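Student: Quick note, the sequences are listed as chains A and B, same order. With this note's numbering as the guide, the letters of the first sequence map in order to residues 927 to 1255. With this note's numbering as the guide, the letters of the second sequence map in order to residues 4 to 307.
None of these hints come from the bench; they were simulated from the model. Quick caveat: nothing in here was measured; it's all calculated off a predicted structure.
Stretches of chain A that chain B covers, calculated by requiring three or more beta carbons in the stretch to come under 8 Å of a beta carbon on chain B:
id, stretch
1, 938 to 944
2, 1054 to 1067
3, 1072 to 1086
C-beta: ideal position from N, C-alpha, C; glycine also.
As a plain string of letters, each chain reads:
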Amino acid sequence: MLALNNLIQNEMMKLLAKKRLVIIGIIVGILVLMFTYAQFKQVEEQQKKLGTVDWRAALQQQIIDTQNRLSSNRMLDEWREQLEVGLKQQQYYLDNDINPSEPGAATFTRMFLENAIDLFIPLLIMIVASDLVSSENSQGTIKLLLTRPVKRWKILMSKYVTLLLSVSIIVAMTALLSYLLSGLVFGYQGWAAPVITGFELNGSDVDVSQVRLVEQWKFLMMDLGLVWLVAVVIGTLSFMLSVLVRSTPAGMGIMLAALISGAILNNMVSSWESAKYFFMVNLKLTTYISGSAPPIEGMTLLSSVITLLVWWLLALIVSFTAFTRKDVY
Amino acid sequence: MKQVTLSVKDLKKKIGDREIIKGIDFELKEGEVFGFLGPNGAGKTTTIRMLVGLIKPSSGSIKICGYDVRKDFTKAMQHMGCIVENPELYPFLSGWDNLLHFARMLPNVGKQRITEVVELVGLQARIHDKVKTYSLGMRQRLGIAQAMLNSPKLLILDEPTNGLDPAGIREMRQFIRKLAEEEGMSVLVSSHLLGEIQQLCDRVAIIKSGEIIQTDTVESLLATQERILWRVEPLQKGVEILGGFTEVIVDQTYIITAYDELETPEWNAALNRAGVKVHEMNRKLPGLEELFLQVTGGGGAGIE
Ligand SMILES: Nc1ncnc2c1ncn2[C@@H]1O[C@H](COP(=O)(O)OP(=O)(O)OP(=O)(O)O)[C@@H](O)[C@H]1O
Ligand SMILES: [Mg+2]
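Isolated chain B (complex conformation) (with noise of 0.2 Å):
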């Protein structure tokens, strides 16, 4: 039984009147990437300060290896690193300083660690240098390194890849699986890049408007969404035959429908006995991206 790093039950937020996360329940367990996507406004940064202690939870439960981030503040965050939104840290001092700032507030981590880190981000060359001559991907990296000084089990990044360019994002991506498939950590990503999360996660729960839609492995979530495509001849009449079966668009010289393991061989020979010929039958995963807008219900659906 792998362990489980984060569990979070029932959580709710409300914010004035307005209820910002409506009742938000998931596990991490340990050695998995877990993908929060959700488009603009859904609730993955709320959801996260919360995780991460910055504010109080309405109701509902958030334990971090077990201890509630409100009842054992301390305990919690000896196991949890994380970057909230941006990696900001102190523009007027050195990265090496601003690691030993934040070593200073752990038990038990000494200069030792810190070298550990840079090392691991690769930040060596620079690290004396102040933090305001620092790139954004610099930034990033020290930021990282200062969320790894406890060696924690469960990394939280909201858009770790938020203004990296593709090399960034691409060595981001190798960094965050490494530290998951080596190291044994959890890791939780937010993001509304798809592509980024289908890459990168084993399992994504989709958020919109404070709730969550579906939590599942990549794969059968797409599986859940696989299309075929059909090119027949004449298409008006393989249109009737397998509008009876299904739902079908049309989509110039393609009819698409749902595919189905079972079903799918049985239209296709009632195609046959009707004297339609099938040029190709074409199955098809849909990206995430389609995957994102029919389960959230098409752009910009988050803004209320």
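So here's chain A without its partners, still in its complex pose (with noise of 0.2 Å):
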């Protein structure tokens, strides 16, 4: 038995003498760099309002203002809650000497993952993913490829190992980058700084009995796990169309359309339900633990997961059967 690692090897070296990889680090780069002069810009006239003003004598009268709402008595308690852990969130600032509106690098690859979840991190993983099959159609390759003494769908495997360590080198190379360019600007502190989660959506009522306060690098750590979710189900989606569709453009713009439909779809759905089954209204995970409202009443963390792992499933099982199974003219 020929061994998966040898086919693996031979995807890997396909996919670096491409330098699939290289230019999608010079793509983030680039992205990275142009957030992070528009959040330096941001900063800028944020301090240009506040004037002279020191900004730590500004939060310290925040803190006030909010204690002092919280001793009057005419209050509910779920607000009580609330802002306790406003105020906790504001004190560390306070505490720990950190501007909140100057947050550091770790702050601002949290913030950049989170917005790059539903459409910039798919259009990474799209371009190793939707040619992994399709090119060694539209070359040809596939013809010795399959004519070699291995099983197809050994061969297939091999393509979507390679595809899964694309994905995590894509979703890593995007975070380190963002963390170490902006960086430069903000600096590099930030990892324990409290993030507020636990926001929870009750039909039209917030519920904020598990609201609570989480240190930052815990945060990136949920942020980064759901963002690789998302790209292997986007990967495996764009995966499947390069098996089916031979021409790699064709299935690009299918996914590009779906992927863009999704974005628009978000927010005018909400009284679509059966839209909620769309893989694409599903992508932003990372707004069930920051805490903004989901596209469609009823969604949740978990329902957006099992919805995307169906797909995914699904994805893998038409790959898999059609690979094995088509004739190659």
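Starting from two chains that each stand alone, build the complex the way the hints lay out.
Tutor: Next up, the structure:
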């Protein structure tokens, strides 16, 4: 029996020779620099608004305001809890001498990942995934690949493992580059800063009973896990298209159309309930832990993850069935 | 007894409602070069794709060195090397990396064997260059080198001389003959170039519209179609007499009839008795081309 790792080695050799990962690294680098600059401008503007006021004094004032509101009796318990959490966060910033509007590289990375999860990261993944199989078709090398003494499923498996490796590298690279590059401007601090999490939406009510502070590095790890999950699902779907559609641009086009329609649907489907079964409206997983409202009522982190996993499984089954059976012309 | 390296039985392929291959049978023995000859669209490539496991036959069986291509795919492929249509390799890798890539897909093929096949096809000087910088002839050689990696018993080449210049064609021909004669390899070559097949192959199958019309050695295929050219005086009388025995064709000053070992001397005697002067009797083997056109019914017949 021929070892799978020989085949994976082959796939990695081809991937590296095509310099795809380098291109992706450059794209990420440029984007991170752009956003860093934008963020830097924003911080500058805020400081201008505050004028000569020291941010510590402003923060101190905010804390006092909050404490005053807490001491008044006419307040729902739920609101009180939420304010207390906010108060703790502000106190932390003050105690640790962190300017909340100038948050450091860890915060930048977290925000970058949260904004990149539904479009930017999927696009990067598509660069690798959508021609893994179809390029063999268009080059004609599929004829050699499939006439060697190796079962077809093994060949596809080696390609899929390569995809998983690339997805992991791309996600790690995105996080690392955004930390390293933004740190040049904002400084590399912020790992232990507290982040609010735990909002839950019950119908139209906000359930704040679970609200708590989490250290930023833990939050970042959760974000990374969710980004990775989304990236794997998108990668697998592109992979399936690459098996089914002979031409790489056609496969990319289909995937792109799905992603963009997802971005549009997110803003307008709140009344079309069954749209929640589309994979593309379930991509913003990080919103569930940072606490904004999902596009459709009733969607939760769990339901979105399950929806994505169902799509992932179907894509995998279709890919392997089609690849092992189809006639190659 | 020479070993049978490829045996094809009642092979059929239907695409949609069209039957493209309509039941093909043949066998290859070791050390034999077998030609697959047919006009465009006859089904050569389709048949070869089935032989190498790229497409699934609708029915029939294919065995390579005794292993069924569908049931025992990996074992069958271990004894086979092929180029289907064009020698397509990864343009962004060097020749060496391409060979390394395919060597990794084979059991027990290492760097040493790669060096051997590179020398065999004479590509040492450029093997570390990217394949996209290769000429077509060099790609063809690299394709052969790839097919030879696993020291196959059966080599399948679809139009191996496609795009080569005359020197390249000759070199390829000598190379294929050498493989068959010295290494005892069986080679299946498809082509619509008739001269090619005539010089290269021991046996030929003529295929048209998905059927094998004739399979035989090149000599006996040609012999069945042997002609004799007569130059006689007077022509008209000669035509009358010969026409009494067999079918005649008049081509300017010549009369053309079939050649028959026993009958032809009798015809000659008859001409002499009638006082017709026989200036010239000329036996002529047809080129494979004429044969081909006769058998397949003329040019462009394959496109339906
Ligand atoms: N994918 C396909 N779908 C439908 N018909 C096909 C397909 N591939 C080939 N054919 C048909 O099968 C027949 C045989 O084609 P094939 O390519 O095997 O011919 P060939 O003998 O190799 O011809 P050539 O000398 O031109 O290479 C043709 O009539 C062609 O139209
Ligand atoms: Mg062909």
